[in-house]
Amino acid sequence: MILDNLKYTESHEWVLLDGDIAVIGISDHAQHELGDIVFVELPEEGADITAGDVFGTVESVKAASDVYCPVSGKIVAVNELLNDAPETVNASPFEDAWMIKVELSDPSELDKLMDSTAYAKFISA
Numbered sequence: 000m001i002l003d004n005l006k007y008t009e010s011h012e013w014v015l016l017d018g019d020i021a022v023i024g025i026s027d028h029a030q031h032e033l034g035d036i037v038f039v040e041l042p043e044e045g046a047d048i049t050a051g052d053v054f055g056t057v058e059s060v061k062a063a064s065d066v067y068c069p070v071s072g073k074i075v076a077v078n079e080l081l082n083d084a085p086e087t088v089n090a091s092p093f094e095d096a097w098m099i100k101v102e103l104s105d106p107s108e109l110d111k112l113m114d115s116t117a118y119a120k121f122i123s124a
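Reading the sequence shown from the start, the letters are residues 0 to 124 in numbering that gives the first Met the number 0.
Warning: the hint list may mix true and false statements.
[Claimed, not checked] With a cut-off of at most 25 Å between alpha-carbon atoms, the simulated SDA-like pairs for lysine to any residue come out as follows:
no.	residue 1	residue 2
1	K111	G18
2	K73	F121
3	K100	G51
4	K100	S123
5	K120	S104
6	K61	L41
7	K61	D95
8	K61	P42
9	K111	K61
10	K111	V37
11	K73	P42
12	K100	I48
13	K111	S10
[Said to hold, decoys possible] Listed next, with one range per pair, are the computed distances between beta-carbon atoms:
no.	residue 1	residue 2	range
14	I20	A124	29 to 35 Å
15	D19	A63	30 to 36 Å
16	D47	D110	20 to 26 Å
17	G34	S115	20 to 26 Å
18	S107	A63	18 to 24 Å
19	D114	S91	21 to 27 Å
20	V60	T116	28 to 34 Å
21	I20	V53	16 to 22 Å
22	K120	N82	31 to 37 Å
23	K120	E79	32 to 38 Å
Quick caveat, the hints were computed from the structure, so don't treat them as lab data.
None of the values given here were measured: they were computed from a predicted structure.
In this text, a Cβ means the ideal position worked out from N, Cα and C, and glycines have one as well.
I would like the entire structure built from these sequences, with the hints used as guidance.
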């Protein structure tokens with residue numbers, strides 16, 4: 000599943016813009032490739048982050064994978080639900096399993112991300 004209202008990265012993160020806040024998670028494609036998610040490690044709220052930085056790790060029964068921040072800014076929220084229910088990433092990667100919210104410092108970084116059409120082509124290549 001690919002949602003039209005999101006932006007995507009080549010490392011399979013998604014971004015939903017909500018005002019000047021970027022809501023970030025991993026794509027349905029990514030969670031499917033990883034398999035059953037058993038652990039999610041996320042950063043502390045309040046930290047500054049730069050686009051391209053690793054902000055967390057997702058571990059599945061198959062592998063561990065770093066999660067990269069597609070934008071720069073300040074982390075203003077972390078989804079604590081994922082600490083106790085990492086499987087939420089598999090069940091609801093776009094709604095309930097958002098990972099962090101970042102107050103954007105450079106909204107133009109969003110222009111570098113793929114729209115849904117480009118992401119669909121990217122994952123089918």
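Hints, one by one, checked against the model:
| no. | hint | verdict |
| --- | --- | --- |
| 1 | K111 x G18 | 18 Å, holds |
| 2 | K73 x F121 | 29 Å, violated |
| 3 | K100 x G51 | 15 Å, holds |
| 4 | K100 x S123 | 28 Å, violated |
| 5 | K120 x S104 | 29 Å, violated |
| 6 | K61 x L41 | 19 Å, holds |
| 7 | K61 x D95 | 22 Å, holds |
| 8 | K61 x P42 | 23 Å, holds |
| 9 | K111 x K61 | 30 Å, violated |
| 10 | K111 x V37 | 31 Å, violated |
| 11 | K73 x P42 | 11 Å, holds |
| 12 | K100 x I48 | 11 Å, holds |
| 13 | K111 x S10 | 13 Å, holds |
| 14 | I20 x A124: 29 to 35 Å | 31 Å, holds |
| 15 | D19 x A63: 30 to 36 Å | 32 Å, holds |
| 16 | D47 x D110: 20 to 26 Å | 21 Å, holds |
| 17 | G34 x S115: 20 to 26 Å | 24 Å, holds |
| 18 | S107 x A63: 18 to 24 Å | 32 Å, violated |
| 19 | D114 x S91: 21 to 27 Å | 22 Å, holds |
| 20 | V60 x T116: 28 to 34 Å | 32 Å, holds |
| 21 | I20 x V53: 16 to 22 Å | 20 Å, holds |
| 22 | K120 x N82: 31 to 37 Å | 35 Å, holds |
| 23 | K120 x E79: 32 to 38 Å | 35 Å, holds |
Figure legend: structure checked against the earlier numbered hints; hints not met, in rising order: 2, 4, 5, 9, 10 and 18.
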